[in-house]
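K.L.:
Chain residues, written in single-letter form:
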Amino acid sequence: MDDRLAFDGMDELTGALLRRIEEQGAHGVLRFEDVRSRSVSVEGLRVDAVDASAARGLGIQVFTPAGHCGFAAVDDPDLPRGLIAADRAVLFARAAERAGLEAMPAILSAPSTTGRAVPRVRSGFDAMRPGEIRDETLALAREVGEVAGGHSVRLSFFILRSDWRIVRSGGTDVSFRIPRSGLSVLFTARRDGEAVRTSAGATGTSFEVLRSPEERRRFLHRSALAADLAGRLLDAPAYPAGSYPILIDYALAKGLAHEAFGHAAESDGLDASILGRDGRFRHGETFGSANVTIIDESIEGDNAYQPFGGNGGERRRAVILERGVLREALADLHTAGRAGTPVTGAERQSSFAEVPIPRMSNIRMEVADAVPGPAGREFDDWTPESVRDLLRESGDLVDGGKVVFLSGYRGGQVNPALGDFVFHSTALYELTPEAVRLFRPGIFCGRIEAALHSIRRGYGPLRLDAAGTCGKAGQGVPSSGGSHHFVLLSENPAVRIGGRA
Amino acid sequence: MSFFEEVEREVRDFRQGGVATSGFRLSLAESVVSELGVERNRIGSAYAPLSVKELAGGSFTIGWSDGRMSSGSLSRGPKDALRDVLLSAFEGRYDDPEDAIFPAPAAVPEVVLFSPEAAAAARGQAPDILPGILSALAGVRERCAARIMDASAQAAVVRRRVVTSGGFRAESESTAVSFGFALDSLVGDGFSRRGLFAPGDVEKLASLTAADFEALRHTAAGAPRGRTPVVLHPRVAEQFLRTFLLANLSGGAVANGRSRFVAADFRDRRRCFREDFSLRTSPLSPLSPGSFRFTEEGVPAREVLLVEKGCVLTPLLGLKHGRKLGMEPVPSPSAIEGFVFGLASRAGREESLSGSRTLLVHSVLGMHTQDHVRGEYSLLCPQGVLYEEGRPLGRVTGTLNGSFFEDLRSEALCAVEFPGFACPGLALTAELS
Chain A
108 MDDRLAFDGM DELTGALLRR IEEQGAHGVL RFEDVRSRSV SVEGLRVDAV
158 DASAARGLGI QVFTPAGHCG FAAVDDPDLP RGLIAADRAV LFARAAERAG
208 LEAMPAILSA PSTTGRAVPR VRSGFDAMRP GEIRDETLAL AREVGEVAGG
258 HSVRLSFFIL RSDWRIVRSG GTDVSFRIPR SGLSVLFTAR RDGEAVRTSA
308 GATGTSFEVL RSPEERRRFL HRSALAADLA GRLLDAPAYP AGSYPILIDY
358 ALAKGLAHEA FGHAAESDGL DASILGRDGR FRHGETFGSA NVTIIDESIE
408 GDNAYQPFGG NGGERRRAVI LERGVLREAL ADLHTAGRAG TPVTGAERQS
458 SFAEVPIPRM SNIRMEVADA VPGPAGREFD DWTPESVRDL LRESGDLVDG
508 GKVVFLSGYR GGQVNPALGD FVFHSTALYE LTPEAVRLFR PGIFCGRIEA
558 ALHSIRRGYG PLRLDAAGTC GKAGQGVPSS GGSHHFVLLS ENPAVRIGGR
608 A
Chain X
12 MSFFEEVERE VRDFRQGGVA TSGFRLSLAE SVVSELGVER NRIGSAYAPL
62 SVKELAGGSF TIGWSDGRMS SGSLSRGPKD ALRDVLLSAF EGRYDDPEDA
112 IFPAPAAVPE VVLFSPEAAA AARGQAPDIL PGILSALAGV RERCAARIMD
162 ASAQAAVVRR RVVTSGGFRA ESESTAVSFG FALDSLVGDG FSRRGLFAPG
212 DVEKLASLTA ADFEALRHTA AGAPRGRTPV VLHPRVAEQF LRTFLLANLS
262 GGAVANGRSR FVAADFRDRR RCFREDFSLR TSPLSPLSPG SFRFTEEGVP
312 AREVLLVEKG CVLTPLLGLK HGRKLGMEPV PSPSAIEGFV FGLASRAGRE
362 ESLSGSRTLL VHSVLGMHTQ DHVRGEYSLL CPQGVLYEEG RPLGRVTGTL
412 NGSFFEDLRS EALCAVEFPG FACPGLALTA ELS
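Residue numbers (this note's numbering), protein chains in the order written: chain A, 108 to 608; chain X, 12 to 444.
Don't read these hints as lab results, they were simulated from the structure.
All of these numbers come straight from a predicted model, not from anything done at the bench.
Heads up, the beta-carbon is just placed ideally off N, CA and C, and yes, glycines get one too.
Please note that a few of the clues may not be correct.
[As the list claims (entries may be wrong)] If you anchor each label on the Cβ, the simulated ranges turn out as follows: (1) Glu17(X) <-> Gly238(A): 23 to 31 Å; (2) Lys320(X) <-> Gly256(A): 57 to 65 Å; (3) Glu301(A) <-> Gly150(X): 44 to 52 Å.
[Said to hold, decoys possible] If you want a taste of the chain A side facing chain X, the calculated C-beta under 10 Å gives, among others: (4) Arg111; (5) Leu112; (6) Asp141; (7) Asp158; (8) Phe170; (9) Ala173; (10) Asp182; (11) Asp185; (12) Ala196; (13) Glu239; (14) Gly256; (15) Val432; (16) Thr442; (17) Gly518.
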């Protein structure tokens, strides 16, 4: 296993750049990134693109002694280019000071950190040559084609390796690697001028997602389900708008935790968040059902893994909500103080060319006393009918009752200041004791607090691999998380399914 | 040797195991971008500092002497890194004969894309420009008595070069100045130009957007439900048009069966929209954010009619998908200002809101979650202002539901002109729940 990182042995460069900044009386943060990626896309049974890319750069954030800030980024960061960037960042920080812009001095007195994290992966970035990746992806596409039911298919695979080194005045020096890989398939079903899309995916850290027999079997199973659903959705009617008891799968529960709660708990936004009052985190206040706990942490092997924050501190586990009570914000050292909450190292940036901002990594929702479900059953083995039976057995679907089951996360959005959230799912099933009926879903939306107070029960073990991309402040970073296989929300007028009345 | 020259030489001369480059397309760019932001009223904090980014990179497509193809992207870096990318691309080469097009020399239209003043702002040589924009926005915030403002201002200068082995070679220099803002998370907007904003322009544009701020602070009594006349603000209309119309006009989606439209729709000029609906590209207007001179594949910019009298004529096509569909390439603008949407029925903002209980939709949540192929929408509208005979009654929240393709066929559809916006707003009837 290659544990060597891209910026190992570059102490001379980092030292020279920090000296240049410090000689001008400023405090510097250097963020080096080296990212390499490969990807293959197959349309039907034909390779559509095989891409290889590489990028390397440096972002320098400088603070004056009063905490005024400037930033400069360059690619190909050798010494001459690095020095130019350092001088620019100092110049801008001084200009900010002269103009009386906002100062954030907390970083000047922050403790230093040193560390290194190179996660173990089953196969390294160079374990497969591009030609092998192409052929393996094409072979998988052929297998997916056999279960596609005649729908259009686009299959994509990517693998990425991002090496970081963050060095700060005062002794902080951390290096880490973020390995990621993923498979996704998109089906487009068409009939009589109507068309509908469904998708399936899998994430990992190595080529195993593509070549391990077990991973392939799982991916093909998901693909078959998605293809079948696409065909059936063409005929599915729309579901009437309204408030219902709603069952969501773990990916939607991750969306709920991420969109409805995680963003509202970020320390840079508490002036205008429902979880803040006068800019301070509402620590100790009740914000959800007494059975709900929400935790964010970086997990090795996960899509959103990042062991150190963008300012070089260790990212630690944050228990945001503990049995319905607010405990910790997602805080970086710039705004933890004003938010009255401890630093959790929660800042992340999409690339060396961006400044870090507080945001989530892997966020999960745990529901106390969850119904365990049948031992050993994997999430992918559930059918809508078996989910219905589970609800019957647990007494949550009674005679004459119904539960709306939303399946397949298609993304979401939130306005933390106003407390509104939305999610979309791929499918909506109406579960009654007598029948399971498929509908086209409307948007799942409502008020954050209402949703959290409505959480009634979890079913099955935790599953935390629902992957996505968080687009806060225009910076796309990988996100992930999850919950129990399913989470039930009681009917609440402030949590609704949209659609035609 | 410059970055552009080095990449071109490496691509041209690459050879591995008896296989060499037989054709290529290269699109390279060098950019300098300056930025400054306001985060929760705090100008230039560590989250939005005065910054400058100087980056170079691009993409390549290579045809090899064994008939296969490769593609990839790269950024400025050491020579061995560039060679490593090319070697990876070579090893991953694949059969894609439709993409083996390496344009010949062609006349490129002269389009003004560059403003020296904007370039100076991007390079940090005019340090007052970005703070001046944010200061004007702060004035709008104060006048509105908004509590919290988030905003950003940016200036960029980009030098782009496209070279092909067939002899196409063109270079352009362009600039952009843009700003965006949000007040109390209720209203917000963004504007972009190739040149500087004239004194007073920032305030004027922002004030237009903020006009409904007061109304949004109060909840209207008796929110309408069911079929409701709505006016989509131009920014919301842009989201609808991009998500449902332009995404389905993507040549790649059409050629690969991932669009609502199929190739025969274009060959047959199938009527898909109301008869007075038209759409064309407009990439040649001087200093328009939607303008350009050539594509990254080496296709000169030109105006193209995409939809005429409600009938679809052509998708937006790159070289590969154009060849695959047997159609001419159609260069696509990246900014909405590069498209002209035509509708015979047009109204001004005031006229469109003068009826009984009309909802002006300022923003929607969840657009990126919609199935654009199906065309149905179900969106949360957290910021809508209910108007009664031109008078704002207050804020209305609800979910907006319908089918955008049905809307584009509906008699209720009307373009609404908003001052300061190239893309019109849209008046239509939607289901509010």
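K.L.:
Hint by hint, note whether the structure agrees.
P.N.:
Hint by hint, here is what the structure shows:
Taking the beta carbon of each, Glu17(X) and Gly238(A) are about 26 Å apart, inside 23 to 31 Å as hinted. Look at Lys320(X) against Gly256(A): about 37 Å separates their beta carbons, and that is not inside 57 to 65 Å. Taking the beta carbon of each, Glu301(A) and Gly150(X) are about 50 Å apart, inside 44 to 52 Å as hinted. The criterion of a C-beta within 10 Å of any C-beta in chain X is not met by Arg111(A), whose closest approach is roughly 16 Å, and the hint is violated.
Nearest Cβ of chain X to the Cβ of Leu112(A): about 15 Å, over the 10 Å cut. The hint is violated. For Asp141(A), the suggested interface contact is upheld, since its CB lies about 9 Å from the closest CB of chain X, less than 10 Å. With its C-beta approaching chain X no nearer than about 5 Å, Asp158(A) sits inside the 10 Å limit, and its interface hint holds. A distance limit of 10 Å between C-beta atoms decides the matter here; for Phe170(A) the minimum to chain X is near 7 Å, and the interface restraint holds.
The interface hint given for Ala173(A) is broken, as the beta carbon of that residue sits about 12 Å from the closest beta carbon of chain X, more than 10 Å. At a threshold of 10 Å, the smallest CB-CB gap from Asp182(A) to chain X is about 5 Å, leaving the interface hint in force. Interface restraint check: Asp185(A) against chain X, minimum CB-CB distance 8 Å, threshold 10 Å, status holds. For Ala196(A), the shortest C-beta to C-beta distance to chain X is roughly 8 Å, which falls under 10 Å, so the interface hint holds.
The beta carbon of Glu239(A) is positioned within 10 Å of a beta carbon in chain X (closest approach about 9 Å), and the interface hint is therefore held. Taken as an interface hint, Gly256(A) does not check out: its beta carbon lies about 13 Å from the nearest beta carbon of chain X, beyond 10 Å. The closest approach between the C-beta of Val432(A) and any C-beta of chain X is roughly 26 Å, which is over the 10 Å cut-off, so the hint fails. Taken as an interface hint, Thr442(A) checks out: its beta carbon lies about 8 Å from the nearest beta carbon of chain X, inside 10 Å.
Interface hint status for Gly518(A): upheld, as the beta-carbon distance to the closest one in chain X is roughly 4 Å, under 10 Å.
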